[in-house]
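Residue numbers (my numbering), protein chains in the order written: chain A, 29 to 388; chain B, 1227 to 1662; chain C, 6 to 332.
Each hint should be verified, as a subset may be incorrect.
Partner residues aside, some chain C positions facing chain A, computed with beta carbon under 7 Å [to be verified]:
1) Ala-51
2) Glu-55
3) Pro-62
4) Ser-64
5) Ser-66
6) Gly-74
7) Met-75
8) Arg-107
9) Asn-108
10) Arg-111
11) Val-113
12) His-144
13) Ile-145
14) Pro-146
15) Gly-147
16) Asp-171
Derived DMTMM-like pairs: lysine to aspartate or glutamate, alpha-carbon spacing no greater than 25 Å straight-line [to be verified]:
17) B/Lys-1297 to C/Glu-227
18) B/Lys-1297 to C/Glu-291
19) B/Lys-1403 to C/Glu-284
20) A/Lys-210 to C/Asp-60
21) A/Lys-210 to C/Asp-26
22) A/Lys-52 to A/Glu-268
23) A/Lys-210 to C/Glu-284
24) C/Lys-231 to B/Glu-1291
25) A/Lys-385 to C/Glu-55
26) A/Lys-385 to C/Glu-285
27) A/Lys-383 to C/Glu-285
28) A/Lys-210 to C/Glu-206
29) B/Lys-1297 to C/Glu-232
30) A/Lys-210 to C/Glu-285
31) B/Lys-1244 to C/Glu-291
32) C/Lys-200 to A/Asp-366
33) C/Lys-231 to B/Glu-1648
34) B/Lys-1297 to C/Glu-318
35) C/Lys-231 to B/Glu-1252
36) B/Lys-1264 to C/Glu-232
37) C/Lys-231 to B/Glu-1301
38) A/Lys-383 to C/Glu-227
39) C/Lys-200 to A/Asp-377
Note that these hints are calculated values from the structure, not bench results. From the three backbone atoms N, C-alpha and C, an ideal C-beta is built for every residue, glycine too.
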Amino acid sequence: MLTSFDPLKGKRLQMLDEAGGLVKGKFQPCLEGEALVAAYRHMVRARVADEKSLLFQRQKRIHTLPVNRGQEAAAVGSALALGKDDWLVQSYRELGGLLVRGASIRNHLLYFKGSEWGSVHADAPRILPLSVPIGSQITHAAGIGHAIRYQGGQEVVLAHFGDGATSQGDFHEGLNWAAVFKCPVVFFCNNNQYAISLARGKQTASATLAQKAIAYGMPGLQIDGNDLLAVHAATSAAVEHARAEGPVLIEAFTYRMGPHTTADDPSIYRSKEEEDAWMPKDPLIRVQLLLEKQGLWDSTREEACRTEAAADTDQAMREVDELHETPVDEIFAWQYADRPAELRRQQADYEAFLKWKEAR
Amino acid sequence: MAYVFLFPDLGEGLTEGKLLQWYVQEGAMVKEGDLIAKVETDKVVADIPIPRTGRVSRLHGNVDEILLVGKPLVELDTEGQASPLKPAPAPAEPASETAAPPAADSSGPGVVGNIEVATGTDVMPASGEGLSSIPTSASTPAGARVLATPVARRMARDLGVDVGAVAGSGPQGRVMKADIALAGRQSTVAPTAAPALRGAEHAARGSRTEPLSQLRKTVAARMVQSKFSAPHATTFEEVEVSALVALREAQRDRYSAQGLRLSYMPFICRAVALALSRHPKLNCRLDMEAGTVTWQDAVHLGLAVDTPEGLMVPVIRDADQLGIRELGLRIADLAERARTRQIRLDELRGGTFTITNYGAIAGIYGAPIINTPESAILGVGRLLETPVVKEGAVVPGRVLPLSLAVDHRIIDGGDAARFLRELMGLLADPVGMLLD
Amino acid sequence: MPAMNLVQAIQSALDFKLSDDPRVLVFGEDAGHEGGVFRVTQGLQATYGERRVFDTPLSESVIMGAGLGMAVAGLRPVLEIQFCGFIYPAMNQLVTHVARMRNRSRGVFTAPMTIRLPYGGGIQALELHSESMEAMLAHIPGLKVVIPSTPYDAKGLLISAIECEDPVLFMEPKKVYRAFRQEVPAEPYRIPLGKASRVVEGQRLTLVAYGAMMRVARQAVELAAKEGLSVELIDLRSIYPLDTETVLDSVRKTGRLAILHEGPMSFGVAAELIARVNEEALLWLEAAPRRICGFDTIMPLPMGEHHYMPTPERVLYELLQLHNFPE
């Protein structure tokens, strides 16, 4: 599969079209039946949590955060291709993938309320925290893959990043390193057409992002990023290849249906027409249609699924509402394994101030 | 700890001298001021005193050797114990003060730049740290040093006070600014030995330069400080004291029978003390830095005393609670002991108001300088026999001139005048004053 | 006891850790086959193989970033940045990730990695090969910065650095890579990070220095002794954490402090040390502390380098100023 869709020839893998129909092709999807239903549920939960997060931000219960709308297939489909011990190296628009891997909505909200504990996933230990410097996590993925290879392990690393990240030096350095050392890494590029306000066409003169793989000596293919089945199948193939041979670059062609973050106004740089044109391609629609066609889903289940997701998200927010201040000791406790004398002195001075403030 | 005494410049521009004789040996104990060597320069043969106390640990120089000014002459151990010196590991590298010349051999690669390569067989010894049997070096306990803030140290310098000799009243014995201010107001009883001899230079005719005594330096500094921080406003008055003169005459024999000389000063002190208790503003203390004024209930009168060495101001404590007799005794005693330099330091401190009786020598009116940190000073002039007007007629009278200088930052003209009026009333009617 | 120069001592430490801990990898540009441009890692690849000691592509950012990935995944990478001035391309990874991973993840992911970099001037080199930016690095919370001045200290400190659970910048004063030899035990030993060392006991002045400047400092101390000045010399060894106590002990004895380092004066290590001394020992100070440092200028090219790099005479001059304060 990885070499069957030559990006230089403009090929793109699609398995499920916008109308919910299976596309005839050489390769079969790997998700079906109850597994497909479960995948769809993940997408719905991700969508609902994402929508409510925006609401919560407007209610000032959490702070500015990225919006995931439209990228659920890419996040969920790719994460479902991983094994239990595989690594997920995220950027910041993979909420669906985190939820698949066992992270909680509560942690998601806790992180954006402003606590480091939001990155600590008790049930999903191999997810790296959100990476703010664009593309920098790509090198970490290469390093983790290098360690796995060194230790003779069978795990792989799934590294997510956006179209903007492909302009960063770390994209180049990380892919280059991974290819040289044959690190078991799947480099998954979410080409959602925008890096905040910069359209993909101005980000790079390359016709596709997938073809950049050729320069590094690794396979690269472009897929329909709104197509859950294509995402899952391509990632699965890439995971196998990475484990056996070396890294792969997947470009998931998708669309950022919402703003960059809750503080962004896309109307400044893109037209309503364009946004409207992408609405029928919404990744949730086609899966719902397919499942309904297969008799595995209906509006009642849809309703119930959304209601449950909403309730869970509301509950998570209420729990996070109860948490307030980061305790003073935590500010100082996590800089080093030990606590150097100067840090202890600074902490003691600050605590003395707090006592004084208390007594006034 | 080790003190290195460098061969001092004995006269302007001296660069060297010939060592004629050592007065001490290595190992001997010397006291500050002891003479340690005789040296001959092109101008003078001089004995050199040591400015510290300690045990001589090293003498630099042999008899008849030419010694250079500024080089170590004598080393003392001033704490009496030798510090255990660890041998410093000597680094054995090629001596080079500037960047090393390049070594072009292949064992010193670097791609870029020149990496110096050791030649020779010198090897620095191991420190032994981290090897289980060798303990790490314990740090030397903190030596006894004077604790004082840099600001306080500078103040001490400006006042000519040795901060090391001041007893500190602050936390952990810290020398506070107040301690230094107090010390600065005292004369030093035991003069410090002059650290460097400036020989008696006889130039053309009758001119002589000598170092200022500690007392003089202190007085000078304090006068400057007072005059240039407090704006002095002086009021002059005259009070007709015939009644006081008569009273003193009447009592004089009675006192002298007890061996006491009765002067006017006890009466003046009593009057001033009373007037101060009724006009406490002239008895207060101003602190511009803190922005405060301190009202003091007690009246501690300082009396300026002219001594052979210079001005001293012993203090009569609680002068407002003493009678004439007691005042007289105190005044006589303090003045005597000040002149003979037997006065104690605590007797020179703590005054709240000062009286300067320059009139005892000469002077009618004066503009005295306030005795910082007090707020006012009274100058008493020469008692005059002079025509006065009484009930329309010109008659001979006895007039005491008063010159009151106040710190106009805290005391206004009205306050000064009211105090003077009170004082004049008391002095003009001494019996009334004593009966109050 | 064998005699080693700094290069050999560092190599000895690496050799020990490679043999002692299979999680240790050593890598960098030209660090594998060639053994490093300074030959510090020479022979290690032959002994331990290419999986453990290897050459990397010419990419400092991924050297740092992949190093972090390896550390997160349970290894103990010892990566080399070829010259101090080339750490700049890797600064983003160092500052935004290496230094922060523990805090960001509340200890779930940590970065037990060692970053070796030859630093410092005095070698008549091209631009960016003579940097001394330890202050910039020490200013980053989450990193430890260590600078040995002797072969003995280098071996003990490097072993500790590799065994440390936090990221350590191990800065190697390349000017003295081969300038002198010292007795260094063949067996392993550790010198704790964060401890300074009093190397010369003195009474009147305290001089603090580190790295290649220790040699200059020792020479200056000898010059001072000839002028009758007893100077206590302290080798800082660790920039973060900084051993304030050892310096304070000395200052409480002498009351006079001078600090010597190559890097630019403003916002440098000396400034930090003086701030701490003022906070904790102001009352013992008899003179304003003096800084003997590089200027706030770019390091000159070789024909001007001698003006920039402090020399023993310049140090002596400053010590005399310190001694004569406040005259």
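Each hint, compared with the structure:
no.: 1; hint: Ala-51; result: 19 Å, violated
no.: 2; hint: Glu-55; result: 11 Å, violated
no.: 3; hint: Pro-62; result: 6 Å, holds
no.: 4; hint: Ser-64; result: 4 Å, holds
no.: 5; hint: Ser-66; result: 5 Å, holds
no.: 6; hint: Gly-74; result: 2 Å, holds
no.: 7; hint: Met-75; result: 4 Å, holds
no.: 8; hint: Arg-107; result: 6 Å, holds
no.: 9; hint: Asn-108; result: 4 Å, holds
no.: 10; hint: Arg-111; result: 5 Å, holds
no.: 11; hint: Val-113; result: 6 Å, holds
no.: 12; hint: His-144; result: 13 Å, violated
no.: 13; hint: Ile-145; result: 10 Å, violated
no.: 14; hint: Pro-146; result: 6 Å, holds
no.: 15; hint: Gly-147; result: 5 Å, holds
no.: 16; hint: Asp-171; result: 5 Å, holds
no.: 17; hint: B/Lys-1297 to C/Glu-227; result: 16 Å, holds
no.: 18; hint: B/Lys-1297 to C/Glu-291; result: 23 Å, holds
no.: 19; hint: B/Lys-1403 to C/Glu-284; result: 20 Å, holds
no.: 20; hint: A/Lys-210 to C/Asp-60; result: 14 Å, holds
no.: 21; hint: A/Lys-210 to C/Asp-26; result: 24 Å, holds
no.: 22; hint: A/Lys-52 to A/Glu-268; result: 23 Å, holds
no.: 23; hint: A/Lys-210 to C/Glu-284; result: 54 Å, violated
no.: 24; hint: C/Lys-231 to B/Glu-1291; result: 19 Å, holds
no.: 25; hint: A/Lys-385 to C/Glu-55; result: 60 Å, violated
no.: 26; hint: A/Lys-385 to C/Glu-285; result: 24 Å, holds
no.: 27; hint: A/Lys-383 to C/Glu-285; result: 22 Å, holds
no.: 28; hint: A/Lys-210 to C/Glu-206; result: 56 Å, violated
no.: 29; hint: B/Lys-1297 to C/Glu-232; result: 7 Å, holds
no.: 30; hint: A/Lys-210 to C/Glu-285; result: 54 Å, violated
no.: 31; hint: B/Lys-1244 to C/Glu-291; result: 34 Å, violated
no.: 32; hint: C/Lys-200 to A/Asp-366; result: 14 Å, holds
no.: 33; hint: C/Lys-231 to B/Glu-1648; result: 71 Å, violated
no.: 34; hint: B/Lys-1297 to C/Glu-318; result: 19 Å, holds
no.: 35; hint: C/Lys-231 to B/Glu-1252; result: 20 Å, holds
no.: 36; hint: B/Lys-1264 to C/Glu-232; result: 23 Å, holds
no.: 37; hint: C/Lys-231 to B/Glu-1301; result: 14 Å, holds
no.: 38; hint: A/Lys-383 to C/Glu-227; result: 50 Å, violated
no.: 39; hint: C/Lys-200 to A/Asp-377; result: 23 Å, holds
Of the numbered hints given earlier, the model fails hints 1, 2, 12, 13, 23, 25, 28, 30, 31, 33 and 38; all others are met.
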